[in-house]
Every structure is written in structure tokens, then in C-alpha cells.
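Residue numbers (the working numbering), protein chains in the order written: chain A, 124 to 261; chain B, 124 to 261; chain C, 124 to 261; chain D, 124 to 261.
None of these hints come from the bench; they were simulated from the model.
Treat the hints with caution; some may be incorrect.
The list makes no distinction among identical chains, and a pair is therefore deemed to hold if it is satisfied within one copy or across any two copies.
Derived pair list, reagent style DSBU-like, types lysine-lysine, alpha-carbon separation capped at 30 Å [to be verified]:
id: 1; residue 1: Lys186; residue 2: Lys130
id: 2; residue 1: Lys130; residue 2: Lys168
id: 3; residue 1: Lys168; residue 2: Lys186
id: 4; residue 1: Lys186; residue 2: Lys244
id: 5; residue 1: Lys244; residue 2: Lys168
Number of protein chains: 4
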Amino acid sequence: MNAYTHKVQYYETDMMGITHHANYIHWMEEARIDFMDQLGFPYAKMESDGILSPVRSVSCVYKHPCSFGNEISILVRPEGFTGALLTIGYEMRNQNGELVCEARSEHVFVNREGRIVRLRKEQPEFCRAIEAQFPPKE
Amino acid sequence: MNAYTHKVQYYETDMMGITHHANYIHWMEEARIDFMDQLGFPYAKMESDGILSPVRSVSCVYKHPCSFGNEISILVRPEGFTGALLTIGYEMRNQNGELVCEARSEHVFVNREGRIVRLRKEQPEFCRAIEAQFPPKE
Amino acid sequence: MNAYTHKVQYYETDMMGITHHANYIHWMEEARIDFMDQLGFPYAKMESDGILSPVRSVSCVYKHPCSFGNEISILVRPEGFTGALLTIGYEMRNQNGELVCEARSEHVFVNREGRIVRLRKEQPEFCRAIEAQFPPKE
Amino acid sequence: MNAYTHKVQYYETDMMGITHHANYIHWMEEARIDFMDQLGFPYAKMESDGILSPVRSVSCVYKHPCSFGNEISILVRPEGFTGALLTIGYEMRNQNGELVCEARSEHVFVNREGRIVRLRKEQPEFCRAIEAQFPPKE
């Protein structure tokens, strides 16, 4: 999988002169959606199949500030999948290779009524594609 | 009607040290929704009645910068209503009374299928309440 | 200390019909800044004294969705302070008292040149005020 | 000059299921900064030369909604330049060529102290480069 690149926008900076920390959560989403596209399971397709994927948790550790114009390369790595909960890790580096942020998110999968979807049954190809990205942990 | 107050947040500033100009569009929405609440026609109620109100246009003229911690008082004034198109004006002042921004937005009213709603027929009380806020221009 | 209240804005929702998860990071900042105001150490004052407080990490566990118009009450609790690193916890509840999100952030304190500030020496009153909010853990 | 492309992000949608209207102001900035890069006068370079360019006004007319995953092509056209005030027009089209939004912004140029910069004197090459993009209107 290719890393996703986000160019820091002026509107993402704050009066400290650096990227405001909330924007990294946006970048995680951008990179995750790009990852799903590369995997062959676009998120828009999933939603049109009636499966939503609310975020269960996020965490970010900010290692090095970045600012306007920096090109941030984001590596997305699935780290765990129970069939109900998907854990994804993110490594963000600036154009000099310096680690900017390490992050993680957890995702559940529900239908339009908000009920948990049994992904192994309803989307077996997606499950196999995700699991091909890491050694299964079950 | 009471003016709406927005306190400028840190995350709304940019590296120029002032409020990023895109945030004023958010504040217009905050003030407009508060105005609708005061008018007795909460926007959430309208949506649950099946009426959506997409924004047709916005414009802002920035008169004076503001920044973190400033309390911005926003006066909302309906300026025109044709039954199909509602025009709203906004006057934003800082805690010293200085004019910070003058803005305007236009709104249409559609149903869930995206068709124009005939508001005078379907929401006559709302039309009367809006028009009581200014001399009709038809 | 009083809880901080944030009313969910329309622009904070996403196409899933709920608050987009990145906004909670903004609310943590709003509540934290309000907490500092209540404590008697406004963040703007700290910055004008030459002390910046970059965020070292954030984490959120989303417990229950919320959406447009909901009033979210946010309780801020300092959880640890080493003199160099301040840890803050957040409990967010909707108007029915349901837990919406549990969150945590870590903060460091630096001067304009980016060097760590020795807070116990330079801001002893602030340290005492923070520590009065919880049993010291050193 | 090449058009700038923005892919609509999930976090840019709202509960109406479409792009929230405030985001177009961000896209104008993205496209304008890309235009300056293409012109050979990167905005970051201008700021490091001590010239800031606050936005004087913005306006958007929303022609057609767009949503998550859409690729929006943004054409940037300088429309006027008095030496003190730069006017820029934007035409945004979706992947099918449909007009999504027409917008305009005005910009002034100031130094770090907030005083108007005489651009024709201090940045004559930039003025010539901008004016080469349209017939001068003075």
C-alpha cells in the first residue's frame, strides 16, 4: 500500500504558528479512506451497501510540530480485527522523514438502524483483504 | 431579538494570529440557528417536518480582525423573503463595539427529495414570523 | 469548578447524521480553556507571559453519538502534573446525562523559543492552583 | 495555469448529506495558494519576506451540491489588482463538469505591523506576474 500525502493548509494552522492538533484526526480519516480505496473497498461503496463505520476511539501522540506547506506522509496499518472491531495505526512523517505523529483509531460496523453488522458473514472479501494486511490476532 | 454571542476559540485562529476568515461562515450559521430558536421555529423542528434549507450564497466583508478570547456579538436581520428565497444580514461586533464583519446569506427551502417547498402554503406561520421582522419587499 | 456546555452545531455534523468525531477535540480545548479561566489563569494571559502549551497527546473513546442541537456538558479534571507534563481528563454527557465521550489530553509548557519552561519556578501559583484540584501524584 | 483539484472529505459533509457550505472557503484558499505556487510566488515565501495577505472579503454562490468522494476542479482567475487590493475569482466544477460553486475573494497586503504594503514598489515582479494573468483594469 502507498502512503497517503497531506499538504498542510494555512487554515489548519493556529496562532501558535503550527498545525492545530485537531486536524490530525482529519488526516487520519483522509489516509484511512485512501487506504480503503487502495484495498478495493471504497468507503462510499460500503455506505451504499448499507454499512456505516462509526469511530469507536482515536488517539494521537504528537511527536514534532508541522506547519503550513509541509507535506505529511501518512502510513496506514491495520493492527487488529475481531470481526466486529477494526484497529488501525497511523505513522505520520514530514518531508524530512521526521516522525510528526503516531495515532490509532478503532472502528465498528453498523447498519442504517445502528445494529452491529456481522462482517465475516456479510463482507467476507473485505475481511480477508484487511486480514491479508497483517497476521490475524484471533 | 437578542444578538448571539460567539467567543473566539483557539482552534479558530491561524498563524497570522487572528481568526481564520472561514470561521465567520460558521458563526453566521450559529447566529441564524439561534435566531430561528428565538423566532419559535427551531431548525431541527423544520428538518423533522421534512424541510431542509440549503444555503444558496454567502458573502462576508471583513472590517477588523478579531482573535482568541474575543466575544463577538452577532446581530441577525432578515432582509428579504420572496416565499422561495430568504436573505439574511449579519452584523458582527467585538466587545468594544467595533464592527468586525458584515455578512449576508441566502437560503432556499426544499423537501427531502430536493424539490422547492412552497413555504407560504406549507409553513404560513413561519412566513408571517419572518416577515414580522422586516417590511415585506414583494 | 462548573462543567462547560457546548451546543452541537449543524456544521459539526457529518453525513452519518451525527457529530463528526474530530469535533470532540475542539470541545476538549473549549472546556480546558474555560477551566483555566475559572481557575484564574486564563490561557491568553499565559501566552502573553510568554508561555505556550502545546498538546502532547489526545485520546477519545466515543460512547454514544450526539448530534445537532444536543447540549453536551463537559467536566474537566486534572489527573496528573509532573511540573512538566499536565494530564487532563474529560467526561462529556448529553442533556439526558448519558455518557457521550471520555477523553484525555497531555500538555507541555514551552517558551516562545520552544524550550521547556520550569513551571514550578516560573508559575508557582498556577502549579498550586492546578494541584489543589487533585491529590498530588509525585 | 492548471486547475486545482480537491477531493471532498467525509469530515466536510454535514447531516444534509452534502458538503457543508463553509468548506468552500477552505477550498478557495487551497486553490489560491496552489495558484501562487504555480505563479512562482509561494505564499510561505511572501510571509517570510514579511508580507501578510489578509482576506478583505469572500463570496460564494452555490450552484449544485457535492458530497463525499467528489473531485472538485477549481479554476483560479485574478480579476483585478489595484496595487493594494487583489480580486480573485474561482470556478468550481465536479468530475462531470457541472458548475458547483462560483466564488470571489479580495485580498490586501500588509506588513507584520499591519500597515499596507506598497506592492508595486516592494514586489514589482509579483505585480507583473499577477497582471500577466489578466488585462490591467486601472
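Results of checking the hints against the structure:
With identical chains, the CA atoms of lysine 186 and lysine 130 are at most 30 Å apart both within one copy (18 Å) and between copies (28 Å). Taking the shortest alpha-carbon separations for lysine 130 and lysine 168, both the intra-copy value of 26 Å and the inter-copy value of 16 Å come in at or below 30 Å. With identical chains, the CA atoms of lysine 168 and lysine 186 are at most 30 Å apart between copies only, with a shortest distance of 26 Å across copies and 35 Å within one. Taking the closest pair of Cα atoms, lysine 186 and lysine 244 come within 30 Å of each other only across two copies (26 Å); inside a single copy the shortest separation is 40 Å, beyond that limit.
In the homo-oligomer, the alpha carbons of lysine 244 and lysine 168 lie at most 30 Å apart inside one protomer (17 Å), although the nearest pairing across protomers, at 39 Å, exceeds that limit.
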